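*Asks:* One letter stands for each residue in the lines below.
Number of protein chains: 2
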Amino acid sequence: MREVKLILVGCGNIGRAVLGSILDKGRELKRLGFSIKVVGACECNGSVVDEKGVDLEKLVSLPIDKCCGWSGRKTLDVIRSVPADIVVEVTPGNIRNGEPGLGHIKAALESGKHVVTSNKAPLVVAFKELAGLAAKNGVEMRYEATVGGAIPIINLYENELSPNSIVSILGVLNGTTNYILTKMSQEGVDFDVALKEAQNLGFAETNPDYDVKGIDTAAKVVILANALMGGDVGLRDVKVRGIEEITPEAVDLAKEYGYEIKLVGDVGNLEVSPRLVPAEHPLNVPGNLNAIQVQTDIAGPITLVGAGAGPKETSSSILSDILAIARML
Amino acid sequence: MREVKLILVGCGNIGRAVLGSILDKGRELKRLGFSIKVVGACECNGSVVDEKGVDLEKLVSLPIDKCCGWSGRKTLDVIRSVPADIVVEVTPGNIRNGEPGLGHIKAALESGKHVVTSNKAPLVVAFKELAGLAAKNGVEMRYEATVGGAIPIINLYENELSPNSIVSILGVLNGTTNYILTKMSQEGVDFDVALKEAQNLGFAETNPDYDVKGIDTAAKVVILANALMGGDVGLRDVKVRGIEEITPEAVDLAKEYGYEIKLVGDVGNLEVSPRLVPAEHPLNVPGNLNAIQVQTDIAGPITLVGAGAGPKETSSSILSDILAIARML
Chain A
84 MREVKLILVG
94 CGNIGRAVLG
104 SILDKGRELK
114 RLGFSIKVVG
124 ACECNGSVVD
134 EKGVDLEKLV
144 SLPIDKCCGW
154 SGRKTLDVIR
164 SVPADIVVEV
174 TPGNIRNGEP
184 GLGHIKAALE
194 SGKHVVTSNK
204 APLVVAFKEL
214 AGLAAKNGVE
224 MRYEATVGGA
234 IPIINLYENE
244 LSPNSIVSIL
254 GVLNGTTNYI
264 LTKMSQEGVD
274 FDVALKEAQN
284 LGFAETNPDY
294 DVKGIDTAAK
304 VVILANALMG
314 GDVGLRDVKV
324 RGIEEITPEA
334 VDLAKEYGYE
344 IKLVGDVGNL
354 EVSPRLVPAE
364 HPLNVPGNLN
374 AIQVQTDIAG
384 PITLVGAGAG
394 PKETSSSILS
404 DILAIARML
Chain Y
84 MREVKLILVG
94 CGNIGRAVLG
104 SILDKGRELK
114 RLGFSIKVVG
124 ACECNGSVVD
134 EKGVDLEKLV
144 SLPIDKCCGW
154 SGRKTLDVIR
164 SVPADIVVEV
174 TPGNIRNGEP
184 GLGHIKAALE
194 SGKHVVTSNK
204 APLVVAFKEL
214 AGLAAKNGVE
224 MRYEATVGGA
234 IPIINLYENE
244 LSPNSIVSIL
254 GVLNGTTNYI
264 LTKMSQEGVD
274 FDVALKEAQN
284 LGFAETNPDY
294 DVKGIDTAAK
304 VVILANALMG
314 GDVGLRDVKV
324 RGIEEITPEA
334 VDLAKEYGYE
344 IKLVGDVGNL
354 EVSPRLVPAE
364 HPLNVPGNLN
374 AIQVQTDIAG
384 PITLVGAGAG
394 PKETSSSILS
404 DILAIARML
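Protein sequence lines, in the order shown, are assigned to chains A and Y.
Our numbering applies: residue 84 is where the first sequence begins, and numbers increase by one.
Our numbering applies: residue 84 is where the second sequence begins, and numbers increase by one.
Simulated from the structure, these hints should not be mistaken for lab results.
In this text, all values refer to a predicted model and were calculated from it rather than measured experimentally.
Any given hint might turn out to be false.
Remember, identical chains collapse to one label, so a pair may be satisfied in a single copy or spanning two.
SDA-like mimics (lysine to any residue), calculated; alpha carbons at most 25 Å apart, straight line [what the hints assert, rightly or not]: (1) 338 / 86; (2) 338 / 369; (3) 149 / 219; (4) 211 / 178.
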């Protein structure tokens, strides 16, 4: 039995879902030869640390504002000095400067710890720097959860599609905009009505710009371009157009000719824009689903469809990354 | 650089595509740390053997009837006595008795060689026996290419979706029937017309029973049930209904209510039958595409769409299995 020691940075919805999945899957993990011990949990720059293992049942049931009241050691101190194999970084990030996740991930890699993250911001701001830092320190940085939630696109390419070359990657990578466009298509409502409904259902933020203007999709395009297509690009390299100006008339006209309008991230061409997708095309997925089509030289086009968000679904990708590192330990 | 020695059994379309991909990807394989050497190739119970490596360029360009004229050592003799790491078994198989692949795979496993196969028949007839034989001899048997052609469903579950539990698997697993049903839906033609067109295009055999009666789909259901859902089942355990009786009227009526009729393999319930699939559902894929939806407990439903057949596309799965074994050598 290999014991894998984790430090969890971020005890919000995703962090709790990761802990929940670790608890739920204890027996299955044991069968695979691993036991996971959380030796530290950080939130709001406070922490609980227990080298014998934090009580996960208790942690999961603690309201987030209680975690935010933790007075223990500061996050960077825990990352640097508590002995652990992997730092799981799942804080929300600022897409412009990558913080606070960027500092967390750097500290982890520099102190020789592997990193698993769902945090797009640090990777969008400093992908090459972080990948270099991981290589220099002989550790892994894994980030399956940053793109497509539960969809295992990055690891699929590294494992099952190797040694295919990628010709192109196209994706419906943002659930909020996909929900809005699906509503507009199915019910003929206009953008504002669909957005309002998405907000009421919790699929869209009060300030929806990040989603509807295509920035979230662009962030994912940056990560896929750097991770899978050998790029060295940032947000400024991506041409972005959102869905705010899509009218019900445009949606109807598209339908009349057998198409749906989808917000598509085109990774090879570094472009995010509303595009006409044939109704029967595998990228035409409804609701808040995500879909990613990888065109490869041997296998042809492979499309993956799944939940693009949701704490539990995302925890599947995080757990998968943790296990991939655990197998190498 | 790790040299991986292969014996190729079956030099038809798939065998040649595998050799073609090995040739095309030589540099990429080297980058991954491997060089693949084919030390034997068998066809029509004859062979060429060269422990220094068979000339692949020459082999690929040889017409199949020339291979079938080989007088060298018999296939089972080559499998048993030529030193090699992996036997790649890609002969066509008899779904009732599994031969000749069953004998080939047994001989390979018993002589301590790993096996990679695209041959459904031996696995449908004797999955547990072969898996047991592999375990007993401490070798791997990999068979990604047997289901869904290029779609990496089996390895995806073992790697990226671990430690998810599977709740259900539904699949459009046969390209021929999907092509026929798509034609019927898009053009309003009846079954016989669509079948004739599929035959003219080479998508359907002169005797189409194996596909249209659902037997091919049932074979894949058996493999997925045994491989991913812990089953110990054979063809006789699957309830099968084909698509021969689907009328254009039924297809039209389904469409009117927002559905398409698809031949669905339901792995959990061991059933193959035409089913109503909502038009916007990820399993509703057109033409000869395949689609497989795995419902998991953490990641939710994940759907994979891709080419279900085609020698080149299938060679991607075979090469991926070869590499998975090579990494363990």
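*Asks:* Hint by hint, note whether the structure agrees.
*Replies:* Verification of the supplied hints:
1. 338 / 86: neither (54 Å within a copy, 54 Å between copies)
2. 338 / 369: Both, since 14 Å and 17 Å are each at most 25 Å.
3. 149 / 219: neither (38 Å within a copy, 53 Å between copies)
4. 211 / 178: For residue 211 and residue 178, only the intra-copy Cα distance (16 Å) is at most 25 Å; the inter-copy one is 51 Å.
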